[in-house]
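S.K.: Sequence:
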Amino acid sequence: MSRVRIRGIYTTALTERFREDLSVVQASPPIRRRFDAEFPVEEYDASVETTDDRQGAGVVGDSETVERVADDLASLGVDAFRWTDPAPRGAVFDAAVTDTLGGGAVVDLGDREGYLSFGRVDRRIDEGDRVRVQVHDPAPPWADHRPVLGTELRAFGGIASLSTGVDKVVASGDDATRTELARTTEMLPTEVPDDWGVRWEYAAEDAGMDAMDDALGRAVGLAEAIDAGLADAPDSPADADRGDMPRRLAAPEATEWCWFGRESRFALDAERRAVTTTMPGHHRVKAARESASAAVDFVEDLWTETDALGGGDGAGEFPTGAALRQFGPAAGDRLEIRHGKPDGRCFSLGRGEVTECAPDEGKVTVRREMSGRGTYDALGTPRESGDAAVTKFREGRWWYPTVYRGDDGESKGTYVNVCTPVELFPDAARYVDLHVDVVKYPDGEVERVDDDELDAAVESGNVSEPLAEKARSVASSVERALK
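Here the sequence shown is numbered in full-length UniProt numbering, starting from 1 and rising by one per residue.
These are computed hints drawn from the structure, not numbers from a lab. Since the structure is predicted, the reported quantities are computational estimates derived from the model, not experimental observations. Wrong hints could be hidden among the right ones.
[Said to hold, decoys possible] Straight-line Cα separation of at most 27 Å, BS3-like style, residue types lysine-lysine; simulated pairs:
| no. | residue 1 | residue 2 |
| --- | --- | --- |
| 1 | 363 | 392 |
| 2 | 392 | 470 |
| 3 | 470 | 341 |
| 4 | 483 | 470 |
| 5 | 341 | 363 |
| 6 | 392 | 483 |
| 7 | 483 | 363 |
| 8 | 341 | 392 |
Construct the entire structure; sequences and hints are all you get.
M.R.: Shown next, in the form of structure tokens:
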């Protein structure tokens, strides 16, 4: 049975979802208490971790298990998206520096860019230099930062890792623990390849001898895969043919990313509710910001006491008003519009002032001052300095309208974006754009646009057919309402 380690705000729900078909390992003390079960301290085949922005999860590990887990996560809801990372954790590239920033360099990896800190390279590097780098910390495609690179080679694990920058056994913990683990290493039958050193992770303190040897063996397998990938490569990337740049030399692991929309988060609530008291919108609220976790935990503690007295089961309606009052935008705030795309990218449409806010109805109005020239997409009307864009969002709605007006107050048209259910977080409105949109021109004519882009997204596999049908249905309803 494949082994999976889970970390982050979705851990309880995913442990419940996976534990029948996968072996959940290295569980934290709260998870062991919540499930009243023992989970083995063994090396994982795949690790699932909540992304830093809490919008989804990354899955890393052996390709077969990663694909299996990512398939499952992508089936959570119609608004769950999944992408394969072309720069997975552990991948080694010969690549060129394309730019230098204050503290590091931007490196072209082909389908992605990576960031190499100057502190991780033993020489000065400038634009145009060629470097051999490894992906140490991958990043989701919608993130505002690049994957973190290094020049030290590593074979990653949850119990045992290997590194070319370690010439002895390194371990976490106090001196006694480090000494004990160093001695244990000498007793294990698995041999470490030349030029690689052992790094024992925190979980090694609770692992048995067999589990430690298994973990070391897995790390050795990753290291040998890296060595094999480098066997035919030039000693230095400077000796490689520039036409081969960038070139991926080894990829011992796979990395997949899953973005959870609002409906997918509610599906995770249902999984968690089978284990413990879970308020409606548990994961939706926790995704707002880190401080929301304590508030949710407090509410659920109170809810547990209510249940003990014969109260509800916690499966009611999402408390939109309370969630937005505590963890949503307020009038006068600056709110960013985070515009996700089905291919995994996410970019900002700008920030605007929240001019109206009705938390109980889940409604927010945002006004943006426009600048620059040109025309508004699809509308074709002129874009001029002094224009204003007024956007009305509603939590959970599959569309939102933006009205453009000139500085004289005259309408320059309305653009209705069809998207996955809008989520209103403290700093941003988030969704994934579904391509098809509806526009209303200043003369009142209504037109539906970009169906061909939605069809292409379905053809490429970025949008599922059920999600596309939902988008088309929403667009049809909006089109009828605007006429």
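S.K.: Each of the hints needs a verdict: does it hold here or not?
M.R.: Now the hints, each set against the structure:
Our distance criterion of 27 Å between C-alpha atoms is met by residue 363 and residue 392, whose separation comes to about 7 Å. With a C-alpha separation of about 21 Å, the suggested pairing of residue 392 with residue 470 holds against the 27 Å cut-off. Among the hinted pairs, residue 470 with residue 341 is consistent with the structure: their alpha-carbon atoms are about 16 Å apart, no more than 27 Å. Taking the CA atoms of residue 483 and residue 470, the gap is near 20 Å; set against the 27 Å cutoff, the hint holds.
This hinted pair checks out: residue 341 and residue 363 have alpha carbons roughly 23 Å apart, not beyond 27 Å. With a CA separation close to 19 Å, the supplied pair residue 392 and residue 483 stays within the 27 Å bound. With a C-alpha separation of about 23 Å, the suggested pair residue 483 and residue 363 falls inside the 27 Å cut-off, and the hint holds. For the hint pairing residue 341 with residue 392, the CA-to-CA distance comes to about 20 Å; that is within 27 Å, so the pair holds.
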